[in-house]
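Chain by chain, the residues run as shown.
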Amino acid sequence: MLVAAGFVLAMAAVLQYAVLAHVPGELEPGGFSLSNFREMMKPLYAGVFLDTLRICFLTAVLSLLAAYPLALALVRAKNPYLKSAILIISVTPLFLGEVIRTYAWIIVLGTRGFVNGALSWAGLIQQPLQLMFTETGVLIALVHVTLPVVVIMLAAAISHIDRDLERAAAALGARPLRVFLTVTLPLSMPGIIAGLTTGFAWTFSAFATPQLIGGGRVNMVSNLVYSLGFASFNFPFAAALSVAGLILTAVALAGFRALLRPLNRVATR
Amino acid sequence: MIGIVFRMLVAMLLGFVLLPVVVACVAAFDARSVIAFPPQNFSWRWFQRALSYEDFQIGFTNSLIVAAIASTLAVVIGGGVAYAIDRYRFRGKAALESLLLAPLAIPHFTIGLGALIVAAQIGQSRDWPVVILTHVVLVLPFVLRSLYVSLKNIDPRLEAAALSLGARPGRVILTVTLPALAPGLAGGWLFAAILSFNEFTASLFVTAQRTQTLPVAMYNYVREYADPSMAAISALYILLTTVVLVIANRFLGLGRILGTEDGRP
Amino acid sequence: MGSEALRLDGVSKRFGTVAALQEAWLNVEDGEFVTLLGPSGCGKTTLLNLIAGFLEADAGEIFIGGQLVTQLPVWERNLGMVFQSYALFPHMDVAKNVGYGLRARGVSKAEAARRVEEALALVRLSALAGRRSRELSGGQQQRVALARALVIRPRLLLLDEPFSALDRNLRAEMQIELKEIQQRLGVTTIFVTHDQGEAMSMSDRVAVMSEGRILQLDTPEGIYRRPAHAFVASFVGDATMLPGQLIRRNGATALVRAAGREFTVPTAPLEALAEGAAILLYLRPEHLSPEDEGLAGTVASRAYLGDRAELVVEVPGAGRILLRVPGVEALHRWPVGAPIRIGFTRAEPVAFPA
Chain U
1 MLVAAGFVLA MAAVLQYAVL AHVPGELEPG GFSLSNFREM MKPLYAGVFL
51 DTLRICFLTA VLSLLAAYPL ALALVRAKNP YLKSAILIIS VTPLFLGEVI
101 RTYAWIIVLG TRGFVNGALS WAGLIQQPLQ LMFTETGVLI ALVHVTLPVV
151 VIMLAAAISH IDRDLERAAA ALGARPLRVF LTVTLPLSMP GIIAGLTTGF
201 AWTFSAFATP QLIGGGRVNM VSNLVYSLGF ASFNFPFAAA LSVAGLILTA
251 VALAGFRALL RPLNRVATR
Chain L
1 MIGIVFRMLV AMLLGFVLLP VVVACVAAFD ARSVIAFPPQ NFSWRWFQRA
51 LSYEDFQIGF TNSLIVAAIA STLAVVIGGG VAYAIDRYRF RGKAALESLL
101 LAPLAIPHFT IGLGALIVAA QIGQSRDWPV VILTHVVLVL PFVLRSLYVS
151 LKNIDPRLEA AALSLGARPG RVILTVTLPA LAPGLAGGWL FAAILSFNEF
201 TASLFVTAQR TQTLPVAMYN YVREYADPSM AAISALYILL TTVVLVIANR
251 FLGLGRILGT EDGRP
Chain W
1 MGSEALRLDG VSKRFGTVAA LQEAWLNVED GEFVTLLGPS GCGKTTLLNL
51 IAGFLEADAG EIFIGGQLVT QLPVWERNLG MVFQSYALFP HMDVAKNVGY
101 GLRARGVSKA EAARRVEEAL ALVRLSALAG RRSRELSGGQ QQRVALARAL
151 VIRPRLLLLD EPFSALDRNL RAEMQIELKE IQQRLGVTTI FVTHDQGEAM
201 SMSDRVAVMS EGRILQLDTP EGIYRRPAHA FVASFVGDAT MLPGQLIRRN
251 GATALVRAAG REFTVPTAPL EALAEGAAIL LYLRPEHLSP EDEGLAGTVA
301 SRAYLGDRAE LVVEVPGAGR ILLRVPGVEA LHRWPVGAPI RIGFTRAEPV
351 AFPA
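Residue numbers (our numbering), protein chains in the order written: chain U, 1 to 269; chain L, 1 to 265; chain W, 1 to 354.
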């Protein structure tokens, strides 16, 4: 009860602050005002929202593409040791936390990092590639962060597919690829949808990755909220941005689901 | 043919997942004070530095305390709520359930911001109760889900059988329901503890210097220094996590906790 | 026989708008083996759960051993129940499972150990006391469940389709074993099944149920030979139904006409009918045989079952009649298409309103 109350209180506080005015130099907010939301329409902030949506979408799709083969291999591996190995390797990053994973990517992507070191050692590049502080770098790290959850969701869906259906398709003369495309893939649609939406929501929530790898040049809503809160102490505007972010994710996810619903219906009919 | 291509693809993807982990571990042993590849001169010095760095020590202790308390609270609360929701009908049940699962859908920075504002309003500084309560809110949905699955998997006839053998309801819960739930409770607790131990974004908002958790300490370190101490602590962290996961997989069946296995052979 | 072990006085139970059980009346004597028989959804499991106390009756009273138990919680009813899935506690070994009810009753350790041993000996599982339930075969799990239910010396033993998960041979073996144990202990038993063979072979009396009602409570022989309802006649055993008319009633018997012949049937089911009213005549296949003076037809199909064969005979103007003949005879004399005459001299026909 206390937990539920605390949570409700916190969310109510965010909502309340979102419609209060910011008094520069003061921690206490002023009176009721919608100025926060007006401020958000400025190109600077609107641009961050668009960037965030694009990054979330790309991360979700790329994670899905990378996660599917892993999930399939995980569910279908016959050797129990191989199965455990795939499970532990693909799930471990989930338990490493965002900071360590982001840090690891910094030393992979940095100017003197692993990728540039390996490429120049191989004589493939003269100048180091700029990967840090770019959207590509942020995307790579974000996919790595999101991948494990998507693998788990897909594997759960794939493991629920009755193998007799695939056997039946094979017995009817379908080759493995056809069995996959006509039976496995459509029947795993619930997992695909869950994976995409979760990947999207998780990416939206990401903070350390865009903060450290984006380095201020790639900004997401989370970074903006943090810097407004802790650099400018403009809590009302930070709260308003959070609320707008929540609404935006909700709308985006609803749109996602609406788009995917026909696919799902085909799959489960 | 497809089989070979598929296997190579899976191997590459596993490589992608492992790459940063391996790179961080390798970098931790480089003697130079700025990370660069390829590494040179093997050294343990960054491990010594990381282990003696005070912020990491304090962060580690804090994280352990917060994770232990928050996950225990979450399991106790989650156990009661999951049981009530699974077995009883009551007013506001659906509302309570969706309320407790809601933090799954809300970004951690939003929850952190909310907790920070509330703490300021009720005059609590960024102290332990705020940090712990925030963590409970964040991990509770995962505990609830894991316990639902365990509860659903208990054959209700086991409880019926115990009742028919003359056991009172309280005794049935103690001797049948709880033991049958034990793997779920242990798995849920472990899962919650790991999540809490790793939680960063919300913690960044609600912790202060004195209460900062290990991820927050590490984040601050990355922002200020570039030496491989961070790689060293990452390597230790990776080692610890892998050991915990391998053990969890052995004893609890990770696949079952995460739902990637059907349970059926 | 002895005194009353179980009595149901007009017990009813509804689930929403569905009447799962309508006014069940039942008297079971001490030591009796009574089976609740019926198709799925007939209310037999509901009735068992009401007796056990897992469900609360909407109306009526339940007495166990003369004590009113309608409001008594499950754990105070002192019953032994064996579940369809056995419901063995997976986190306890065999001995702990069997001893569970004794511990719940506060029986002393030594006494409990002795009784568990005794119960395991009864079901011939003494050697497996330390095993976990998942290490046991289906038949062994079944025996553990039975021992667990019996060790508390229950006033009633309730069995909910306990054999449905076993294969055919094992099932037959367990049926015999259960019946022997039941007779040796003299424990009053209520057995639920949809398998008529099981019901007929084990029970002292059978209660045939359909759509929430107990249609007939009688000995297996009474159920089979003197069915009180058309449903009972068709659910228990095989029967051919022929349409016909009631000619007249003569006290306990009545005369009916079907397939151009007259048959003498019990009057009871036809009590309310006017003379000339339409009836359905039920004939058991093993009571019919080929006879020279019989009803003429041709063999439409033949199912050879070894010791016997089942013939479906097409009789012009009457329909299809099922009869059983010895297997050897069927092979040689009654191929499909052969002319045959069906005789009724051994028939024990019954008729119900159409």
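A couple of the hints might just be wrong.
Quick list of simulated restraints, FRET-style, between CB atoms [what the hints assert, rightly or not]:
(1) W:G10 <-> L:K93: 34 to 42 Å
(2) W:Q67 <-> U:L9: 50 to 58 Å
(3) L:F90 <-> U:N79: 26 to 34 Å
(4) W:E117 <-> L:K152: 30 to 38 Å
(5) U:L9 <-> L:K93: 38 to 46 Å
(6) L:I65 <-> W:L185: 55 to 63 Å
(7) U:L65 <-> L:Y225: 55 to 63 Å
(8) L:L178 <-> W:E117: 26 to 34 Å
(9) L:V5 <-> U:R54: 26 to 34 Å
(10) W:G10 <-> U:L185: 53 to 61 Å
(11) W:E221 <-> L:L178: 49 to 57 Å
Computed far set for chain U versus chain L, every beta-carbon distance over 12 Å [as the list claims (entries may be wrong)]:
(12) E39
(13) F57
(14) L58
(15) A67
(16) F133
(17) E166
(18) A168
(19) L172
(20) L177
(21) T182
(22) S222
(23) G255
(24) A258
These aren't lab readings, by the way, just hints derived from the structure by calculation. Every value quoted in this text rests on a predicted model; they were computed, and no experiment measured them. Just so you know, even glycine gets a beta-carbon here, dropped at the ideal spot from N, CA and C.
These are the hints, each one checked on the structure:
1. W:G10 <-> L:K93: 34 to 42 Å: 35 Å Cβ-Cβ, so the 34 to 42 Å window holds.
2. W:Q67 <-> U:L9: 50 to 58 Å: holds (54 Å)
3. L:F90 <-> U:N79: 26 to 34 Å: violated (48 Å)
4. W:E117 <-> L:K152: 30 to 38 Å: Distance hint for E117 (chain W), K152 (chain L) holds at roughly 36 Å.
5. U:L9 <-> L:K93: 38 to 46 Å: The hinted range 38 to 46 Å is violated for L9 (chain U) and K93 (chain L), with Cβ atoms some 21 Å apart.
6. L:I65 <-> W:L185: 55 to 63 Å: holds (59 Å)
7. U:L65 <-> L:Y225: 55 to 63 Å: Because 36 Å falls outside the window, the suggested range is violated.
8. L:L178 <-> W:E117: 26 to 34 Å: For E117 (chain W) against L178 (chain L), whose Cβ atoms are near 28 Å apart, the range 26 to 34 Å holds.
9. L:V5 <-> U:R54: 26 to 34 Å: 31 Å Cβ-Cβ, so the 26 to 34 Å window holds.
10. W:G10 <-> U:L185: 53 to 61 Å: 58 Å Cβ-Cβ, so the 53 to 61 Å window holds.
11. W:E221 <-> L:L178: 49 to 57 Å: The hinted range 49 to 57 Å holds for E221 (chain W) and L178 (chain L), with Cβ atoms some 50 Å apart.
12. E39: holds (17 Å)
13. F57: Fine: 16 Å to the nearest Cβ keeps F57 (chain U) off the interface.
14. L58: Fine: 16 Å to the nearest Cβ keeps L58 (chain U) off the interface.
15. A67: violated (8 Å)
16. F133: Holds, because the least Cβ-Cβ distance between F133 (chain U) and chain L comes to about 14 Å, which exceeds 12 Å.
17. E166: holds (14 Å)
18. A168: Holds, since 18 Å exceeds 12 Å.
19. L172: holds (18 Å)
20. L177: With a cut-off of 12 Å, L177 (chain U) comes too close to chain L, as the shortest Cβ separation is near 6 Å.
21. T182: Per Cβ check, T182 (chain U) is outside 12 Å of chain L; nearest 15 Å; holds.
22. S222: About 5 Å separates S222 (chain U) from the closest Cβ of chain L, which leaves it inside 12 Å; violated.
23. G255: The claim stands: G255 (chain U) keeps its Cβ more than 12 Å from every Cβ of chain L (closest is about 15 Å).
24. A258: Per Cβ check, A258 (chain U) is outside 12 Å of chain L; nearest 17 Å; holds.
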